[in-house]
Amino acid sequence: MDLAFSKEEIAFREEVRAFFRDNVPPETRRKMVEGRHLSKDEMVAWWRILNKKGWGVSHWPKEYGGTGWSSVQQYIFNEELQMHPAPAPLAFGVSMVGPVIYTFGNEKQKQYYLPRIANVDDWWCQGFSEPGSGSDLASLKTKAERKGDRYIINGQKTWTTLAQHADMIFCLCRTDTSAKKQMGISFIVFSMKSKGVTVRPIETIDGGHEVNEVFFDDVEVPVENLIGEENKGWDYAKFLLGNERTGIARVGVSKERLRRIKELASKVESNGKPVIEDQGFREKLAACEIELKALELTQLRVVADEGKHGKGKPNPASSVLKIKGSEIQQTTTELLMEVIGPFAAPYDEHGDDASNETMDWTAQIAPSYFNNRKVSIYGGSNEIQRNIITKAVLGL
Amino acid sequence: MDFDLSEEQRLLKESIDGLLTDSYDFDARKKYQKEKGGWSKAVWGKLAEQGLLGLPFAEADGGFGAGAVETMIVMEALGKALVLEPYLATVVIGGGFLRHGGSAEQKAAHIPGIIDGSKTFAFAQLEKNSRYDLADVSTTAKKKEAGWVIDGEKFVVLNGENADTLIVTARTKGGRHDKTGIGVFLVPANAKGVTRKGYPTQDGLHAADITFTGVEVGSDAAIGDPENGLPLIERVVDDARTAMCAEAVGAMDESLKTTVEYLKTRKQFGVPIGSFQTLQHRAADMFVALEQARSMSMFATMAADFDDAKERATAVAAAKVQIGKSGKFIGQQSIQLHGGIGMTQEAKIGHYFKRLTMIENTFGDTDYHLRRVTDAGGLV
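These protein sequence lines map, in sequence, to chains G and A.
The first sequence maps to residues 1 to 396 in this note's numbering.
The second sequence maps to residues 1001 to 1380 in this note's numbering.
Don't take each hint at face value.
Not the full set, but computed from the structure, chain G residues with beta-carbon under 8 Å of chain A [what the hints assert, rightly or not]:
{"hint": "1", "residue": "L285"}
{"hint": "2", "residue": "A286"}
{"hint": "3", "residue": "V393"}
Quick list of in silico lysine to any residue cross-link-like pairs, SDA-like style, CA-CA up to 20 Å [said to hold, decoys possible]:
{"hint": "4", "chain 1": "G", "residue 1": "K53", "chain 2": "G", "residue 2": "R13"}
{"hint": "5", "chain 1": "G", "residue 1": "K284", "chain 2": "A", "residue 2": "G1377"}
{"hint": "6", "chain 1": "A", "residue 1": "K1257", "chain 2": "G", "residue 2": "N387"}
{"hint": "7", "chain 1": "A", "residue 1": "K1264", "chain 2": "G", "residue 2": "L396"}
{"hint": "8", "chain 1": "G", "residue 1": "K108", "chain 2": "G", "residue 2": "G228"}
{"hint": "9", "chain 1": "G", "residue 1": "K195", "chain 2": "G", "residue 2": "H165"}
Because the hints were derived from the structure by calculation, they are not lab data.
As the structure is a prediction and not an experimental result, all values here were calculated from the model.
Beta carbons: idealized from backbone N, C-alpha and C, even for Gly.
Using the sequences plus the hints, can you model the full thing?
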């Protein structure tokens, strides 16, 4: 048992940090620090810088453009990226559909899609949730009917993140209505520009536009857009969601936000002295830091275990990551609210407009607090995570 | 970065787990509790036989030169079995003072007796109003010729009733709260002027209130600098806190296991109560609390090797906060999920709760350590 980072790992951290310092556009970083929305162009520009460096799809197998980093190196990279902060590679492409394609797709699909994902030539979105299918995802109803060499797709998806930017969607569709609910689902990818696709924005409680409803009305998709086998889509979806879980603790994001809390709490006064000097506030902050340290170590235990024993068997501690990670992220946004107190109130109506820089930094804090309620809901709600622990770990 | 045990550490774990499986089920524990002194000399002898009492001592002193990870392994196992024997008081704390501060003569005089199991120790530190402040010392040690005369009262001295040797903190100079002027002294428990009033503690261990009235010891009784013993005390108490964190993780782990087993077997309304989602999610939250505590126990263990004393102290304090919170949650919910049976002395589960509760209130509770982390400027 050796709980310290090796010399090589520490040197790697320096290398990654230096690259971010020299290459993340300062304007992109500033907006991230202040919790502002980035434009599509700003995000894509940064991801192409990352891809040019060879780090765009760092965790993929080397043959598809990955780096061959160890689990610990990958962890360090993610943490430094979150702490800089800079936008993480688009998860829908890089962490979700990419691995499904290189694991279950055919040669032609791999050759066409994988380089395009790496360079964000296509912006991908995820067609999983439906109005009647949230945590009970397998009850989904969107239908793909086979007609000759095409699927005809009808139905509706919802909570589709950044679909307004998307060129492509990977979609769970029911291809066999007679089978038991998990059995008749297929994993199909298609262009968002297809005839019959309609995107309608959902405004979230922070006033932002991140998620959408997506409607399919007789959308025609060539059968070669099926990934893997027909009716095996549920297996691929489970594989995809399993990949999602280890990155979900977002330790670096919370570390960066704690830094921000301290910075702002040194500026804002309460009872004639900076908030940071208030004993009650300091203790809350320290309690949050302790929780985060525990989470960081739990995450490292999972990472080290994966590195050593492979990713096949999920570490029982990994379900903890989602629950604790989301709770801590939410606590950090609450602490920011506490720092600014009454100045949380003014609302920047154009907060979603990336060109609007006139509002003071305070305007983003309440929206960020409101928006972060999502983190205990998405990616398998925390209640679903408890079900997973109950079944997979405790055997109840 | 490697969280796996080495081959040697794995063997150590197997050996102590095996020993305790064979000789420390709950009924055996009840019997040991009734023995003179409240613990089993036979079990202590077995721990000595397997070399566990000599683990942390340098090979030159007759030990195995093991580190903090090995102590963590042992303490976790002791926590699982709710072991009564004075490993913490004797090996971790008594041994700790000798290892970190003892002279060659003191080591030679005392370590062999610890290793072979013939002698146990107790740390007489707590005073009536000192609470968790290690620098708050009113007991005095006054120079007399070449030696010292100790006067004062110490309370809730773990293993104080049985120990052969007491390690006593006493003021050699300055006022009650001064950080300097505190000495650490080896006092034979049978020295003239030592009065011990022993009693059982809530968690089934034994402690004593001890009065020192004109107790005379030689110049060789002082461990380290008699006028600046606080850094040594802080060092050893941090080791003790770290060891208790591991013990608590063992107790929490077993408490959760026992509770989950109960949820699977206890039937109400014709079904196992573990089929109810309210109880399932409570158990899942207990698992989360356990894993967070386990991570912080490892963090404190890792901190034993930090060079910077302040950094080490903050890490240990942070671990104690997490262990305090997790221990309280798991302890209380274990009782709740057991229902009425959890309220009985007969069931083992309540005894984990009691031990976890006492661990929280030893060497600083959750609030105390949260304040220490806060005053140190946090962790990140």
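Each hint tested on the structure:
no.: 1; hint: L285; in the structure: holds (6 Å)
no.: 2; hint: A286; in the structure: holds (4 Å)
no.: 3; hint: V393; in the structure: holds (6 Å)
no.: 4; hint: G:K53 to G:R13; in the structure: holds (16 Å)
no.: 5; hint: G:K284 to A:G1377; in the structure: holds (12 Å)
no.: 6; hint: A:K1257 to G:N387; in the structure: holds (17 Å)
no.: 7; hint: A:K1264 to G:L396; in the structure: holds (7 Å)
no.: 8; hint: G:K108 to G:G228; in the structure: holds (12 Å)
no.: 9; hint: G:K195 to G:H165; in the structure: holds (17 Å)
Comparing the model with each earlier hint shows no violations; every hint is respected.
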